[in-house]
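Each chain, written out:
Protein chains: 2
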Amino acid sequence: VYTLEVNHDILPEIRSRQSCREYLKTSIPQDAVQRILDAGCQAPSGANQQPWHMIVVDSPKRKRAIRNACEVADRGFHQHATATVRRWLEDHGITTEKPFLTDAPVLIAVLYDPKAPYSLHSVWIAIAFMLLQATREGLGSLPYTPSAADIKALLNVPQHLQLASILPIGVPRETVRQPRKPLTETQSWNQYGASRNPVA
Amino acid sequence: VYTLEVNHDILPEIRSRQSCREYLKTSIPQDAVQRILDAGCQAPSGANQQPWHMIVVDSPKRKRAIRNACEVADRGFHQHATATVRRWLEDHGITTEKPFLTDAPVLIAVLYDPKAPYSLHSVWIAIAFMLLQATREGLGSLPYTPSAADIKALLNVPQHLQLASILPIGVPRETVRQPRKPLTETQSWNQYGASRNPVA
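As you go down the protein sequences, you meet chains G and D in turn. Okay, so the first sequence: first residue is 5 according to our numbering, each after it adds one. Okay, so the second sequence: first residue is 5 according to our numbering, each after it adds one.
Chain G extracted, bound-state conformation:
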């Protein structure tokens, strides 16, 4: 039986990454944060425009302000979520309380320029690279994308940039390995729904 955990040919950081929603308040090395930023900046981007800008937030006062803004916005999101999402949120103990935004020693606010070609796609590749570099550093993360909070004003972000996501970065207190769909549901060969048998 093929199991991902024992397949050492798959990138260890991809194999071992888990979702982290609870952080120790322990501080983390500046150079680890710098490597996470550098990793993100190595992402490919549309026409190599590198349409991203990362703001490292480690000031307790600013983290608190971000948390407050996100909690206010999230109350609205939970109220308007579909039944499926709301059930999932409840099952996973996700409430409108966002302690991870103040517990994690560092938040990385990831901005992008929506006018650059394929900018949203590019910035999410950058976020993925940062998640894997955080894993390599032994740190936890999970992109948190506030639905409507005005984080931009809190961080003096110029009008032309948008917030893609906030990555809390810290020593995990707890991580969760999410179950995966069977591969048959997520793969086809040569046409949708077809197995590996050759199709003309």
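What the hints contain is simulated information worked out from the structure, not anything from laboratory work. A portion of the hints provided could be inaccurate.
To be verified - Listed below are the simulated DSSO-like cross-link pairs for lysine-lysine, each with C-alpha atoms no more than 27 Å apart in a straight line:
id, chain 1, residue 1, chain 2, residue 2
1, D, K185, G, K156
2, G, K29, G, K156
3, G, K29, G, K65
4, G, K119, D, K185
5, D, K65, D, K156
6, G, K185, D, K156
7, D, K29, D, K156
8, D, K29, D, K65
9, D, K119, G, K119
10, G, K185, D, K119
11, G, K156, G, K119
12, G, K156, G, K65
13, D, K119, D, K156
Since the structure of chain G is already known, use the hints to place chain D on it.
Showing chain D alone in chain G's frame:
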């Protein structure tokens, strides 16, 4: 001087990945393709909905059909591109000819369900994981996102799914290391434009 290439604490696949637009026609191992798919499926996703589906296209006939559709659509894209993008395309020798879509032995068409929460974000994390796993396999790739081609019909994709991108996967004939912006342009601390000095 800090250079990324010699910083061995950054994930080797992130350090060494380059943009690949030219492929050898050499075939590649099925198990490498399977590991690339598995790596993608390990991405985090909104409410763990895993809103992706990958179609591996290795039939020469279907690759040719995809190439034709993309070339038709791309002629329109080039005509309507901004001056900046058009100049960049010309400078990089990118024309509406897409030989990589038939040269690469495998194309992975990446689909997603736009109704799932944060589905576009999630699928681009999955794409990033696949890019890095391809690098680990010694293979080249680069997401190609056709602007308007109707690839869905060619692959019998159900109405509710959208095409995120096409990843050619193959042995690189040539790769390009794109230059990077200086870090000062892409990073701030605690507020936009501020350096690492503490800000209240």
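Structure-based check of all given hints:
The suggested pairing of K185 (chain D) with K156 (chain G) holds, with an alpha-carbon distance near 23 Å, which does not exceed 27 Å. With a C-alpha separation of about 25 Å, the suggested pairing of K29 (chain G) with K156 (chain G) holds against the 27 Å cut-off. This hinted pair checks out: K29 (chain G) and K65 (chain G) have alpha carbons roughly 15 Å apart, not beyond 27 Å. About 17 Å separates the Cα atoms of K119 (chain G) and K185 (chain D), which keeps this hinted pair within 27 Å; it holds.
Restraint check for K65 (chain D) and K156 (chain D): satisfied, since their Cα atoms lie roughly 15 Å apart, inside the 27 Å limit. Between K185 (chain G) and K156 (chain D), the direct Cα distance comes to roughly 23 Å. Compliance with the 27 Å bound is thereby established for this hinted pair. Only pairs whose Cα atoms come within 27 Å are accepted, and K29 (chain D) paired with K156 (chain D) is accepted, the gap being roughly 25 Å. Proximity of K29 (chain D) to K65 (chain D) is assessed by CA-CA distance (about 15 Å); at most 27 Å being required, the pair is judged to hold.
Between K119 (chain D) and K119 (chain G), the direct Cα distance comes to roughly 24 Å. Compliance with the 27 Å bound is thereby established for this hinted pair. Proximity of K185 (chain G) to K119 (chain D) is assessed by CA-CA distance (about 18 Å); at most 27 Å being required, the pair is judged to hold. Simply put, K156 (chain G) and K119 (chain G) have alpha-carbon atoms about 17 Å apart, close enough for the 27 Å limit, and the pair holds. A threshold of 27 Å between alpha carbons decides the hint, and for K156 (chain G) with K65 (chain G) the separation of about 15 Å falls inside it, so the pair holds.
Distance hint between K119 (chain D) and K156 (chain D) is fulfilled; the C-alpha atoms sit about 17 Å from each other, no more than 27 Å.
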